[in-house]
Amino acid sequence: MTGAQLPVRLSINGLVVEAAAEATLLQAIRSAGLQVPTLCHLDGLTPVGACRLCLVVIEGHPKLEPACVTAVADGMVVHTHTPELDTYRRMAVELFFAEGNHVCAVCVANGACELQAVAVEVGMDHSRFPYQYPRREVDASHPLFSLDHHRCILCTRCVRVCDEIEAAHVWDVGYRGSSCSIIAGLDQPWGEVAACTNCGKCVDVCPTGALFRKEDGSGEKQPHPERAQQLVEARTEHHWHNQ
Amino acid sequence: MGVSWRCCDATACRAAGGAALRQRLEAEMGADRVKPVGCLRLCGMGPLAAADYADGSTELVGGVAGERRLDLAHPFFILQRSVVLERCGLVNPNSIEDAIAQGAYAVLDRCRQLAPQAVIEQVERSGLRGRGGAGYPTGRKWQLVAAQASPTRAVVCNADEGDPGAFMDRAVLEGDPHRLLEGMAIAAHAVGAAEAFIYVRAEYALAIERLRTAIGAAEARGVLAGLPIQLRIGAGAYVCGEETALLHSIEGGRGTPRPRPPYPAVSGLWGLPTLINNVETFAAVPAILREGGDWYAAMGTATSKGTKVFALSGAIPHTGLIEVEMGTSLRTIVEAMGQSPPGQVKAVQTGGPSGGCVPAALLDTPVDYESLQSLGSIMGSGGMVVIDGAMAMPELARYFMRFCVDESCGKCLPCRAGTVQLAQLLDRFVERRATAADLVQLEQLCGMVKATSLCGLGQSAPNPVLSTLRFFRAEYEAAIAGPIAAPIAAPIAP
Amino acid sequence: MTWVAMKPEQLPSHDPGDSLIERLHSVQLLHGYLPRQELQQLAISMARPLSEVMGVASFYHLFRLDPPPPHRCVVCRGTACFVRGAERLEAALRQRGVAFETTSCMGACGQAPVLVVDGALAMGQPEALPWA
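In the order they appear, the protein sequences are chains A, B and C.
Under the working numbering, the first residue of the first sequence carries the number 91, and numbering increases by one thereafter.
Under the working numbering, the first residue of the second sequence carries the number 84, and numbering increases by one thereafter.
Under the working numbering, the first residue of the third sequence carries the number 1291, and numbering increases by one thereafter.
Any given hint might turn out to be false.
[Stated by the list, open to error] Here are some of the chain C residues that sit facing chain B, going by a computed Cβ distance under 7 Å: (1) I1311; (2) L1320; (3) S1335; (4) G1345; (5) V1346; (6) F1349; (7) H1351; (8) F1353; (9) P1357; (10) T1369; (11) F1390; (12) S1394.
[Claimed, not checked] Each pair of labels, with its calculated beta carbon distance range: (13) B:P424 x C:G1322: 47 to 55 Å; (14) A:A284 x B:E560: 54 to 62 Å; (15) C:E1391 x A:H328: 50 to 58 Å; (16) A:S308 x C:D1408: 51 to 59 Å; (17) C:R1362 x B:E180: 34 to 42 Å; (18) B:A561 x A:E112: 53 to 61 Å; (19) C:E1391 x A:V196: 34 to 42 Å; (20) B:A444 x A:Y221: 38 to 46 Å; (21) C:R1338 x A:E112: 26 to 34 Å; (22) B:D471 x A:N200: 50 to 58 Å.
[Unchecked claim] Covered by chain A, according to a simulated footprint, are these stretches of chain B (three or more residues, beta-carbon under 8 Å): (23) 479 to 490; (24) 519 to 532.
FYI, nobody ran anything at the bench for these hints, they're computed from the structure.
We put the beta carbon where it would ideally sit given N, CA and C, even for glycine.
Full structure from sequences and hints, please.
Below you can see the structure in the form of structure tokens.
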């Protein structure tokens, strides 16, 4: 992989798309004006391939591939929506709703929630899997922000933005399996963690109402997921967005 | 003149009172006539000791007082073909002198005179495939690592044997640790690696102790020619048997897998091209290089060459460790070697939580990668648990699903949340309160978790359910209470 | 090959003393568990974030974040043990009020069902327990 490479041509849903050789499949899909749902992915952060919503069919590949971490290749034939994929995506969203406590009507992010948007996109209005009603905590120890674990989907955007962009690494994932949770410091109240710079980027990029500003009431959260990419561009390309 | 004794000093026989047996023998015969060795195979009859007489005959006894005389002419013993285990049970695992006297490191010395490519060629000719479960051709993997443009590479041994019912690797580690070190050193020479790591699960305390001793002795004697082999101890995470999770764990992080590619052969430990094989794979290497790849390839079947070690356990009279040629039928293993009376076996579970159940009617299936896969099970690492009629299949499936719930790392949604839902669905079948809709949902969710999980743990978690559904569907249907209920939601398009 | 480079790892030394997991093992060997104070010290001395150290410590089942009870009893949940009555063994322990942990297969399948009492492996026929 040396030097600039020629763009590649691939087929996505029958459309011939040209993409930079180093682009991901997700970038190619979106630049062609097509859609595939994502939750853990966020432009500006390292992709982790964890939510599995962006899985696509690539002809000749025995398994489904996550578009966010798969590189484009010349001649690739990709399908982003098949009956199988639609089924799996709907089931995935149901699993998300069933594993946490997501009550849109009283949520700060109602109307601005990516999980909600994906549910609408895949046509999910209720979960056929039993809701687990897990007992989780709300951490309101921080002077400016709160973390409601009931609404957390473990996308780890907060972990990555805090580590990769703010370099404070307040957050990480603690524990394992269905007991996983986002932890601050040594799994202590957020407000006690001296490493936090109060920058609020974790709140900006959170796709749900898990992280929010204390002044936000129901439906009042205004997320800024674009901020991660803007900061990366400012830092690496000296290109500022003057909002 | 006289008789000398070999006393099994591996975990299973220790648990069964091996120390008492050894003390008795030492008191009777004198300590110099009794040596500790690794696994003597028939673990269920332990503690075991073998007497070697001057006339070349051998006797095997079991029990703390040596009260059971065991028949070495039984198929359990004579149908074995020891390659990986050729020194296990003969050599004192704590003595490098004994290992060298029995041939250890001689092949390594010879290999060092050969060009790396020549070594890889023999491994390719042998047809050896990864013994950890996936069965990737070992020679091809070595070739791939060797071909990477990098000033240095790493060799990693996956000794995180975690499948419930599997103890093959433990036997090698406890019984003949120098064999593993020799295999790894040969691999390091072949792929051009400057450092090597063994990742061993913390539960294997005795194996860790033996490895420490062996590495210390090998370094002191200089037989590894300067290759540093580091031991890294796990901390209780089954998912670390997955290669990218294992690498994260060696690097000191959470044992979570990452999407591949890049494969470790390209970018592994700290970004270095990394060769990962499991214990049994490395342990097969010295014999292959000594006798030649063709010799190894002459054993087994067309696509599954050589021998395979299995841990035989469960509802069967003879439990223990066997090494047989690939292609041996399950019936031979279970009925002849395991001495299970015909008709008593309900199924044989292979491949642990990633595998499945082969029903009694198909016991004539030869044990090779493809045959087991075609039945919805897998070769896996070598655990073979015999199930009898007392075990209900939905319950067995739930056991494995609960295992996956406990061991899911939590990174990807289908495995983290899907296995929880699957285990709860299986509860309904075990408790006989399931509906027809539950059966539909069970199969759909199995399909989803299998197709969409990030790593092998999640992708194979549904296998025990799917396999028992395939062969024992009636047991699931019998658990559906009452009349066939209407689905709770519109059925999902296929 | 079609892949996108993941987060580039820093290249730390490969010394076992620089492995967080090895250091956590050492702390647990000394204290019997991982006291918060020690985790904090470890994070400082290794110049790692607190949450990363806690993330690793809480991931692995064998690391204890709380002091262990004076006696430890661990029941094997391997398949062979399951097939040979580990659930009855667990029920028997529960009935007698014995606190126990469980572990995945310990590899002593030939002796199934097995349990570990204060570090020593024992064959766990329910009727043969010392508490019986």
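Hints and how they fare:
1. I1311: 5 Å, holds
2. L1320: 15 Å, violated
3. S1335: This interface hint is violated because 14 Å lies over the 7 Å limit.
4. G1345: 6 Å, holds
5. V1346: 6 Å, holds
6. F1349: 4 Å, holds
7. H1351: Constraint on H1351 (chain C) satisfied, holds at 4 Å.
8. F1353: Holds, about 6 Å.
9. P1357: 18 Å, violated
10. T1369: This hint holds: T1369 (chain C) lies near chain B, its Cβ roughly 4 Å from the closest one there, short of 7 Å.
11. F1390: Constraint on F1390 (chain C) not satisfied, violated at 15 Å.
12. S1394: With a minimum Cβ separation of about 6 Å from chain B (threshold 7 Å), the hint on S1394 (chain C) holds.
13. B:P424 x C:G1322: 47 to 55 Å: 48 Å, holds
14. A:A284 x B:E560: 54 to 62 Å: About 60 Å separates the Cβ atoms of A284 (chain A) and E560 (chain B), which means 54 to 62 Å holds.
15. C:E1391 x A:H328: 50 to 58 Å: 55 Å, holds
16. A:S308 x C:D1408: 51 to 59 Å: 54 Å, holds
17. C:R1362 x B:E180: 34 to 42 Å: Taking Cβ atoms as reference, R1362 (chain C) and E180 (chain B) lie about 38 Å apart, which means the hint holds.
18. B:A561 x A:E112: 53 to 61 Å: 56 Å, holds
19. C:E1391 x A:V196: 34 to 42 Å: 39 Å, holds
20. B:A444 x A:Y221: 38 to 46 Å: Given range 38 to 46 Å: holds, Cβ gap about 41 Å.
21. C:R1338 x A:E112: 26 to 34 Å: With Cβ atoms ~31 Å apart, the hint holds.
22. B:D471 x A:N200: 50 to 58 Å: With a Cβ separation near 55 Å, D471 (chain B) and N200 (chain A) satisfy 50 to 58 Å, so the hint holds.
23. 479 to 490: Result for this restraint: holds, n = 3.
24. 519 to 532: holds (count 4)
Consistency note: the structure conflicts with the earlier hints numbered 2, 3, 9, 11.
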